[in-house]
Amino acid sequence: ELVSPSKHYIELHSGNMKNSLESFYLPDSFDWRTKGVISPVKDQGVVGDAEAFAAVEVIESLHVIQTGQLVEGSIARVVDCCPQPVDPFQCIMKLGGICSAGDYPTPTGQCIPNQCTPFAYTFR
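In our numbering, the protein residues as written are 105 to 228.
No lab work stands behind these hints, which were simulated from the structure alone. There may be inaccurate statements among the hints.
[To be verified] Label-pair restraints from in silico Cβ distances:
1. Gln-188 x Phe-134: 31 to 37 Å
2. Phe-134 x Pro-217: 20 to 26 Å
3. Val-145 x Pro-187: 38 to 44 Å
4. Gly-200 x Val-141: 20 to 26 Å
5. Ser-133 x Thr-212: 38 to 44 Å
6. Val-190 x Tyr-129: 17 to 23 Å
7. Gly-213 x Pro-189: 38 to 44 Å
8. Pro-217 x Phe-128: 41 to 47 Å
9. Thr-210 x Ala-154: 17 to 23 Å
Cβ coordinates follow ideal geometry from the N, Cα and C atoms, glycine included.
All chains should be modelled from the sequences, with the hints used to inform the complete structure.
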C-alpha cells in the first residue's frame with residue numbers, strides 16, 4: 105500500500121518495538137543502490153520542482169521493492185498535473201497513480217490526465 109507521507113498514516117502497533125527489532129538480523133550497512141532499487145540521477149534543469157522529483161522517486165522505489173520491477177516514473181506528468189504548492193502525493197492519488205516516463209516524457213505546460221496508464225497506484 106502506497107500512501108502519502110505528508111499525512112500521519114503510520115500506526116504503531118502495541119508491543120515493545122525494541123524487542124521486536126532484536127529478533128531480526130540487521131546488517132551493519134545497507135544501500136538500496138546496490139539492490140537496483142534507485143533509478144538513475146535526474147537533472148531537474150529548468151523544471152525545478154524538487155517535490156515532484158522526490159515524490160516520483162519515492163513511488164518508483166516502493167514499486168520496485170514490492171514488484172521487483174524498476175520503472176522510471178513520469179516527473180513530467182506530476183509537474184503538469186500537480187502544480188506547486190499542491191502535495192504531489194495527494195495529487196498523484198487523485199490522478200489514479202503514476203505513469204512511466206516513456207508514456208509521458210516531457211512537460212507540456214498543461215495537464216493531460218488520460219495520456220497514459222499508471223504503472224503504480226497510490227491509495228490509502
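Outcome of the hint check:
no. : hint                          : result
1   : Gln-188 x Phe-134: 31 to 37 Å : 33 Å, holds
2   : Phe-134 x Pro-217: 20 to 26 Å : 37 Å, violated
3   : Val-145 x Pro-187: 38 to 44 Å : 24 Å, violated
4   : Gly-200 x Val-141: 20 to 26 Å : 24 Å, holds
5   : Ser-133 x Thr-212: 38 to 44 Å : 42 Å, holds
6   : Val-190 x Tyr-129: 17 to 23 Å : 41 Å, violated
7   : Gly-213 x Pro-189: 38 to 44 Å : 18 Å, violated
8   : Pro-217 x Phe-128: 41 to 47 Å : 42 Å, holds
9   : Thr-210 x Ala-154: 17 to 23 Å : 18 Å, holds
Of the numbered hints stated above, those contradicted by the structure are hints 2, 3, 6, 7, listed in ascending order.
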